[in-house]
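Enquirer: Residue numbers (this note's numbering), protein chains in the order written: chain A, 1 to 702; chain B, 1 to 108; chain C, 1 to 289; chain D, 1 to 146.
It is possible that some hints are incorrect.
Derived pair list, reagent style BS3-like, types lysine-lysine, alpha-carbon separation capped at 30 Å [unchecked claim]:
1) A:K635 <-> B:K14
2) B:K55 <-> A:K498
3) B:K14 <-> B:K38
Label pairs and their computed distance ranges (CB to CB) [unchecked claim]:
4) D:C13 <-> A:A382: 34 to 40 Å
5) C:E252 <-> D:S129: 38 to 44 Å
6) C:D164 <-> A:K647: 50 to 56 Å
7) C:G269 <-> A:A382: 34 to 40 Å
8) C:G202 <-> A:A382: 31 to 37 Å
9) A:F521 <-> C:F166: 54 to 60 Å
10) C:G32 <-> A:D432: 45 to 51 Å
11) A:E313 <-> C:G223: 39 to 45 Å
12) B:V97 <-> A:D59: 25 to 31 Å
13) A:E291 <-> C:G269: 36 to 42 Å
14) C:C165 <-> A:D432: 49 to 55 Å
15) C:G116 <-> A:A682: 26 to 32 Å
Hints listed in this document are in silico derivations from the structure and should not be mistaken for laboratory results.
Given the structure is predicted, the values throughout are model-derived calculations rather than measurements.
Glycine included, every Cβ here is placed at the ideal spot set by N, Cα and C.
One letter stands for each residue in the lines below.
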Amino acid sequence: MSDIKIGVFLCTCEGEIEKTIALDVLAQEASGRPGVVSVRKDSCLCSERGIGAIREDIDKFGLDRVLIAACSPAMKTREFTDLGINKYLVERVNFREQCSRCHPDNSENATKKARALLGMSLEKIRYSKALEPVTVPAVKTALVVGGGVAGINAALDLAGAGAEVFLIEKNPHLGGKVSELHRYYPRLCPPSCGLELMFSKLESNPRIHVLTSSEVENLSGSPGNFSISIKTTSSDAIKSPEKDQVRTIIAGAVVVATGWEPFDPTPLTEYGYGRFEKVITNLDFEKSAREQGQFLAQQKKTAFIQCVGSRDERHLPYCSDVCCMVSIKQALLLKQANPDNEVTIYYNDIRTPGEYEAVYRQARASGIQFIKGIPSELRQDARGKISVSVFDLIAGERTEFAADLVVLATGMKASRGTTQLKDAICLATNKDDFIESHLQCHPQDSQREGIFTAGCCRAPMDVSRSIESAGAATAKALRYLQGEIAVSPDYPVVDILKCDRCKRCVEECPFKAYSYDDKGFPQVDILKCRACGICMGGCPLGAISLGELSMEQLSGMLDVLDKSYLGEDEPVVLGFLCKNDAYRAADDAGLEGIPCPSNLISIMVPCSGAVNAMIISEAISKGVDGILLAGCPDKQCHYLQGSALAKTRLADVSNKLKEMYLEPERVRFASISRDDPEKFAATVKEYVEELKQLGKNPLRIQ
Amino acid sequence: MPVYVVKDKCDGCKGKEEPLCEQICIGDLMTLNSDTGKAYCRSLRDCWDCMSCTKICPKGAIEQRIPYQLGYHGAKLIPMMGTDSITWTCVDIDGKVERFSFRTRNKH
Amino acid sequence: MNMKYALYLGCATPVKALKYEISARNVAKRLGIELVDLPEFGCCGFPVKSMDRFAALLMAARNLALAEERGLDIIGLCTGCISTLAEARVQLEDETLREKVNEKLKTLGAAEYRLGVSVKHFARFLHEDYGLDALRREIGAPLESLKFGIHYGCHYAKPSHAHDCFDDPSNPVSLDKLIQGAGAKTIDYPEKNLCCGLTIRGAAEDLSMNLAGEKLDALTNRGADAMVVACPSCCIAYENNQQLVGRKMGKEFNLPVLYFTQVIGRALGLTDEELAFEFNRIKFHPAAR
Amino acid sequence: MNDELIDGEQLKCCFHCGKCTSGCEVNRIDPSFQPHRLLHLIGMGALDELINGDAIWKCTTCFTCSERCPQRIAVTDIFWSLRALAFRSCPTSGLLSAQKSALFKTGRLYPATVLDHKKREKAGLPALSENATLVSRIFDAAKADR
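Please model the complete structure; the sequences and the hints are all you need to start from.
Expert: Here is the structure:
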């Protein structure tokens, strides 16, 4: 360590930072610190001139570590990444957002805090290591599970982008639910024309291998090189080989398109499905319309009941997305075939977004009755007619309708295929049994790297959106189909000299990235890993460190922090802030000039779950007055269970403090959203006040 | 006077095979109850009160009952581990609290 | 099979529906089911729900605790009572509520309730526990050629969660099956789920009468030999008030209203006295057909 | 418990599908009785109007609405709670007073007359026990910490 050469660069940010922080004093002090060989102050480090100056110093002094005290590390990342030195040897100190900007009126304290931050970063950078991206070879083959409209389109798109594609389907034929439909909406054209085109494209593409009557048995390996065993059961289908053949496919990425199943309305006994012949589902309607030439024209009085089973807490709690348009489409077809048909749609809310609104309007114009009100019960009279009695909420009175045919607009539920596959390849599903994804930002991802979803296995959606989702899944999958995959070296490394093989990391990893090596030590699959550090936070022996933030760095920073940097009577709060939410909120508090006590020293961590209880205990032992662990609100955690685990671990420390006759309030968890700087500032303020009441940590050395 | 496992806190080290207390116990006394998934000491009288298990337990679930030669009922000895330090809290039978921090050789 | 149960009579049956009580006791006796009377049983709580819902729950809980103390499950005749007790049983699965209730029970000098009692209507018991097959084996005088309209009563299977969803709340069948087991036919009619309306007799008499009349009309038109009920309140609405309802609707009804126990009892070969047919206001003369 | 059902999250989940009213037998005969509307009025804070009106007394408590509500709103129970509120605000109001006096005096909704006792005896049925004060004691216990 003695021969390291650190260059310290202080940015005045066109004088702004220097207005509050005595940079010259800090520069003077820094130059005397071990390892520091150069100190430079600049008015704008991120400018071309500033970058040039850094590069110049690196050459001139032979610097192997660069410390930049300027704006938040979340800013100007591009400018400070390529300095002609490994980017993991560049450390940023947040002098602007979390120092000068948030304490503009207290130059003295801002400088004290800046000094503390600089000291910690100087310690941290001593342990930094140069890291290079790792390249992993990958095959250029993709697997698509499910031969419905989503799966077929994903296969075509993937093959179009140059990949070899295996498309497997558990039924003997392709086409999925779409092949059971009579007409598409909104154009009311027959699905057969689109399907035939897709089939012929599949046929003619030599890169696509279709396996029907086939199912996934299991999946192992990692993205780029999944090994999937596939069982093919019968021999009667096109292109399908021999009976009960099991084969292994190596694939770089998997697109899951296992589709949906119709909700069976039998449990809603009030509608008599199965008891009354003339009560059918919307999918029964499609079948009859397709198979019986006169079906549409024969109907005279038809009722549609919307939301059967959907938006129903007893059955499917969600809106099934398509049923409104399906009923409108079917009603229009009836009306076209027989304009005298008194078609009535009983609805709760009609949901026809975008272009579909025009179809809804067309339906209204065509004379289809829309009645707001859901029948509670259907009764069959002696002539076999179905009497529909409903309270019309708009008219404010009851209306009766004797229907020849009642169509129940039933929704979509997760398919059995999805459930089977989820077990075979360990995919997480949501409470409604659809494949779990970060619906907001990464809808096409599953919770396993390299496995993507298309179509209704993710959520109910119609044909056009299924096709669209197939394209999105393809675009995401292509990263794993380029022959090689570059992985950023942020992933955790297990020190097997310390590891006791307790398996906690294996259990707690939200992405199931850990497996065991041949000696039983945990090893991380860097392709599955998302570098959240939850394993680092959970390891009871502190044996796991991330590439960009190690346990020894954290411990070193605790050592050098002056626990009385604001004076003996001021409490010091150490904040571990998650980089996605809390740290950014803290930055915003600074940018917006929301005053925040200078008692908080913050350390950016990838996730609140990455902070080890040993680090927290150590901070308390070394005299820090309070620990603020700030992460995302539970359901918004970018790493699923990071916040939740962090809370549990913090509760353990809190219990321990109580046993030690220390105040359990010395550790605190706060949920801070990215967009809530006010809450951040208020939380810190309140906590500092509380700690003042508690008094000094008895373990702080005088 | 041996160790005492607080069952609510113990999580069996999640791996459900060999918990840390089992691995570290020099007398091979600690083990997992496969029914409850919680650790226990299978021979209390053989415990030497070395407190290795107390120190290593990540959940703080193992307490030490101080032998009467050293303390007596009511006295407590509680370790808290950092990465390179340990802090002991000693409570005597009169409730007097003293704390000691030491560097350990665990570091790096 | 444990065939010893606490009989929960409620307050309407022993006063307003002697024929029900007598026939039920005799059917039970005939089938080897021992029904124990607990004199301490009080009101089920149903009428009190409109005054104080917590008091209603306490009343129900007290009855549950009484049966539990004796180690007996509850069999009842009135659907309203059974529904109220059964719903309380489900509500008390909530621990906080149960603790609160038990605390109050203690101040009343009653035993604590510990979730150990099942509550079933006699018809449900026959259908589920005694068993249709076992019942069929006992039938000595099947009621062939008779056609009954079953009226379940709203609280027979509803709220369904209170009754462990034992029958379909929108299309109940268990009582039909019992009566069919006795050899008779049952009528499947769309008005099957209609309420007897008795609960609102005081508040909205016209409404109440209309509801009762609709069903009487439907069954008369379908040629029912009798209506079969399983609740004393429903019987009051359809039998005691039949003339009134008829006058109101400008019709003359003459539809006998029987308790299911009278029908089953007859098929079991019990005598008219044992089934208390003398108490039926509208006489049932199947022989005349 | 009353207030829990009326103010509860459950009620706020109503999305006005009208299934309760469509299936209501009382509404079929008396169109002025509209359960969905009553629920909406509670949501709008018109409790007084409801408590003082006669609508809440028209529900037969047949549970059809509760059974079929897609949002699992216990509509019937809400009516009971409303009645209980009405009762609490005016315990002597007409509709319940007869029931109340029977219950409080005899412990039974259907008091047994001398004739009833005789009839039972004649039929060989067990004598009815009297527990006249039970109902009022339970009421007092329930009210104790309100």
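Enquirer: How does the Cβ-Cβ distance of E252 (chain C) and S129 (chain D) compare with 38 to 44 Å: does it lie in that range?
Expert: Given about 41 Å between the Cβ atoms, the range holds.
Enquirer: Does the alpha-carbon distance linking K55 (chain B) and K498 (chain A) stay inside the 30 Å limit?
Expert: With a Cα-Cα distance of about 15 Å, the restraint between K55 (chain B) and K498 (chain A) holds, given a limit of 30 Å.
Enquirer: Look at the Cβ atoms of G202 (chain C) and A382 (chain A) and judge whether their distance stays inside 31 to 37 Å.
Expert: holds (36 Å)
Enquirer: For the hint 54 to 60 Å, verify it against the beta carbon of F521 (chain A) and that of F166 (chain C).
Expert: holds (55 Å)
Enquirer: In this structure, is the beta-carbon distance linking G269 (chain C) and A382 (chain A) contained in 34 to 40 Å?
Expert: holds (36 Å)
Enquirer: Within 34 to 40 Å: is that where the Cβ-Cβ distance between C13 (chain D) and A382 (chain A) falls?
Expert: holds (39 Å)
Enquirer: For a C-alpha distance cap of 30 Å, please report whether K635 (chain A) and K14 (chain B) respect it.
Expert: Holds - the C-alpha atoms of K14 (chain B) and K635 (chain A) are around 23 Å apart, at most 30 Å.
Enquirer: Given a hint of 36 to 42 Å, does the C-beta separation of E291 (chain A) and G269 (chain C) actually sit inside it?
Expert: violated (55 Å)
Enquirer: Assuming the hint says 25 to 31 Å, is it satisfied by the Cβ distance from V97 (chain B) to D59 (chain A) or not?
Expert: violated (57 Å)
Enquirer: Mind checking the hinted window 39 to 45 Å against the Cβ distance between E313 (chain A) and G223 (chain C)?
Expert: holds (42 Å)
Enquirer: Lying within 50 to 56 Å: is that true of the beta-carbon distance D164 (chain C) to K647 (chain A)?
Expert: violated (38 Å)
Enquirer: Holds or violated: 49 to 55 Å for the Cβ distance of C165 (chain C) and D432 (chain A)?
Expert: Because 22 Å falls outside the window, the suggested range is violated.
This entry does not satisfy hints 6, 12, 13, 14 and 15, going by the numbered hints stated previously.
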